[in-house]
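K.L.:
Spelled out, the chains give:
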Amino acid sequence: MFITDTLLHRLQRGCETMAYPHGPAPALPERHGGALKVDSGKCADGCAACVSVCPTQAITRVAETAVVLDLGRCVFCAACVEVCPHGVITQTGDHRMAANRREDLLLGAPGHEQVRLAAALDEKLRKLFGRSLRLRQVSAGGCSACEADTNVLGTIGWDLGRFGIQFVASPRHADGLLVTGPVSQAMVLALQKTYAAVPDPRIVIAVGACAIAGGPFVGHPQVNNGAAAIVPVDLYIPGCPPHPLTILDGLLRMLDRLEKPRRP
Amino acid sequence: MSASTRFALLANATSLPWPDVPAWPMADFIRATGAEITRGARLCSLFGVPDGGGVQLVAVLAFDADSTLAVGRSTPSTGGFPSLTTTHPQAHLFEREICEQHGLTPEGHPWLKPVRRTDGRAPANGGFFRVGGSEIHEVAVGPVHAGIIEPGHFRFQCAGEEVLHLEIALGYQHRGIEEALTGGPHRATLIQMETIAGDTSIAHATAHAHLMEALAQSEVPLRAQWLRAIALELERLANHTGDLGALANDVAFLPTAAACGKIRGDFLNLTAMLCGNRFGRGLVRPGGCRYDLDPTPAQQLLERLIPVLADTARAVAWMWDAASVRARFENVGTVTASQAAEVGLVGPAARACGLVRDVRYDHPVGWHRFAQVPVTVWPDGDVFARARVRSLEIQRSGEFLRDQLGTPPEDDFRCQLAAPAPDTLAVALVESWRGEVCHVALTDGAGRFRRYKITDPSFHNWSGLALSLRGTAIADFPICNKSFNLSYCGFDL
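Chains as they are written, first to last, in our numbering: chain A, 54 to 317; chain B, 2 to 494.
Derived from the structure by calculation, the hints contain no laboratory data. Since this is a predicted model, take the numbers as computed values, not measurements. Worth double-checking, as some hints may not be accurate.
[Unchecked claim] Pair ranges (Cβ atoms, derived):
{"no.": "1", "chain 1": "B", "residue 1": "GLN396", "chain 2": "A", "residue 2": "ALA282", "range": "42 to 50 Å"}
{"no.": "2", "chain 1": "B", "residue 1": "GLY53", "chain 2": "A", "residue 2": "ASP253", "range": "51 to 59 Å"}
{"no.": "3", "chain 1": "A", "residue 1": "GLU117", "chain 2": "B", "residue 2": "ASP445", "range": "33 to 41 Å"}
{"no.": "4", "chain 1": "A", "residue 1": "ILE56", "chain 2": "B", "residue 2": "ASP412", "range": "17 to 25 Å"}
{"no.": "5", "chain 1": "A", "residue 1": "ASP253", "chain 2": "B", "residue 2": "PRO375", "range": "53 to 61 Å"}
{"no.": "6", "chain 1": "A", "residue 1": "GLY67", "chain 2": "B", "residue 2": "GLU139", "range": "41 to 49 Å"}
{"no.": "7", "chain 1": "A", "residue 1": "ASP98", "chain 2": "B", "residue 2": "ASP295", "range": "32 to 40 Å"}
{"no.": "8", "chain 1": "B", "residue 1": "ASP445", "chain 2": "A", "residue 2": "GLN110", "range": "18 to 26 Å"}
{"no.": "9", "chain 1": "B", "residue 1": "GLN301", "chain 2": "A", "residue 2": "ARG154", "range": "39 to 47 Å"}
The beta carbon of each residue, even a glycine, is placed where N, CA and C say it ideally should be.
With the rest of the complex left out, here is chain A (with noise of 0.2 Å):
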């Protein structure tokens, strides 16, 4: 084979990079059911059916209280959806899920129907990182569907490098972590020291129900119920894994690319 017909090859398959953020975003799988809303205020009294259907715990309800689902700690099977027999969760089909706090990502109180999304970077750390974005990730027991659902977002389709945001060989390259996995007691030494030889101003983010709250693994001794027992936490992006969509939505909102998209 000659180096033409490789070049040949690349041109016929054209431009396979998506429109998103610029254009439409890509429909979500049908039965995938985005994140999800919870109108507690529908909710029977003395009904519990849906806490002891999560298979992570992600619900509870003290009584005479609303129930409360972590979206966090949610694996989207939607077993609660099915059990509750009065709609009080519903999906809403919704790619975006990204939150700064985790308290933001507690779905049921009046007002806290859904998540409350991430707020874009302070100005200084915007103007540091927006169109730059250099990260190091950290797999801490994750199972490899995260990372190959945040690997994927340098593939054709996805091209990341086109918002500046690259994953970087080194700690010190880098301007922060992205964390898979629920953090491993023995990955504990080995977050601490990427962490610190990141170079300040650093962010972390923490990708999966794994990586937030500990995920199918919440309440093992072997692990520490996600990536803020150990680093700080700036940005949450739920999902088991969360899709492609999801985490690209996260990172572009934090570093204020969505609402103000620049003309490539």
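Position chain B against the provided structure of chain A, taking the given hints into account.
P.N.:
What follows is chain B alone, placed relative to chain A:
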């Protein structure tokens, strides 16, 4: 060959009462297990079951040519046992694990180290094998790696560029999955099965479902079996395509790397058509599947699949067409067939050494009883062979899906399962894209898990990667590593 064994025989995805598993005093058990391996059996799993003050060891063997599994156990024992590893290296990690989990010492084990134990903040995996000599240098890599990948530590002993020895030290990903299963199944069990190795969700969930069904003495409806087989091949297609792209990337052949990265996502999106999750989570359930695939969506899936398969074939063909790629893959990272058999490699890594070894063919259960996928072998054992096997398996899986999607069996897609039988042992093997997934469950008197043993293919195959590096230039580590693409969390559990 299995006919004359003293072990209890059982088929894949079946169970037998625990008292029917023959028990021998420890030394006899070890001798009997070694004798069966010498006769050609393969060690699928070897693990301990605490019993009173002692521990019983259980061996699960596969007689692949006879499509038969065999189990035996020791009587409760304490202290030590004669190591099998000295004569049968495929036992080496199992014995280290037994020592770590139960405190039984494999006497004579040549490299007895922790497997996953931590000192609180890091694995206790130090004390590496060192090659002596003033010209020797040591290279340490990890646990945090350069890319977006799981953590593990590699320690190379090198003379110049040449790797004399590679020791792979894992344990960073240990999340306590097996421990948590005792007394189960629990509410979190299924999602934990689906995240043992996140890129192998379908295979591990299927193995778990097979166990629960074997323990309940039930067969699930054909539609569910069909659906699981389809999902399993989609999982294989996504991962194999991703691996070929990654291999192309590591030899700087970017057209295939770029295209395969994208196509891998297309396969994941097809999986998401089944259940909403790109990794197939939430699809396989004990008793069947959570969602059905009606003929119309099955047809839509097929219509979307055909161009993706054609796209894959094209992108992969560019790579095979390039002499520069073939030259980089050939004679790099070679594992011989005898080494592969000796350390007990499974999956594409074994088939790339010429070993005919595929659970779908050797121990067919579920839909694979009716619809076979040919076993793909390649003789050379190098990076080229491992890439080639994947590339051929992509074709075979594609053919399988084309055949199957058009003809869904008329049946239900789930059924109600009875409670698991008490005091029963069940074994399930599933051929994941990486190789044999083995789940073994032993129930207590109440039908809860007394012991649950998971063996991910990576548990067998990391030794293969270490062997492939011997005599190889250290600069070829990335392509050797990608050509195996093993799971850290599947190993660490």
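K.L.:
A separate judgement is required for each hint: does it hold in the structure or not?
P.N.:
Hint check:
Range check, B:GLN396 to A:ALA282: Cβ separation about 47 Å, and the 42 to 50 Å hint holds. In this structure the hint that B:GLY53 and A:ASP253 lie 51 to 59 Å apart at CB holds, the actual value being about 57 Å. For A:GLU117 paired with B:ASP445, a C-beta distance near 39 Å keeps the hint of 33 to 41 Å intact. Between A:ILE56 and B:ASP412, the C-beta spacing of about 53 Å breaks the proposed range 17 to 25 Å.
For A:ASP253 and B:PRO375, the Cβ-Cβ distance of about 57 Å falls inside the hinted range of 53 to 61 Å, so the restraint holds. For the pair A:GLY67 and B:GLU139, the beta carbons lie near 48 Å from each other, so the given range of 41 to 49 Å is met. Remark: the range hint 32 to 40 Å for A:ASP98 to B:ASP295 is upheld by a beta-carbon distance near 39 Å. Remark: the range hint 18 to 26 Å for B:ASP445 to A:GLN110 is upheld by a beta-carbon distance near 24 Å.
Restraint check, B:GLN301 to A:ARG154: a C-beta distance of roughly 41 Å satisfies the suggested window 39 to 47 Å.
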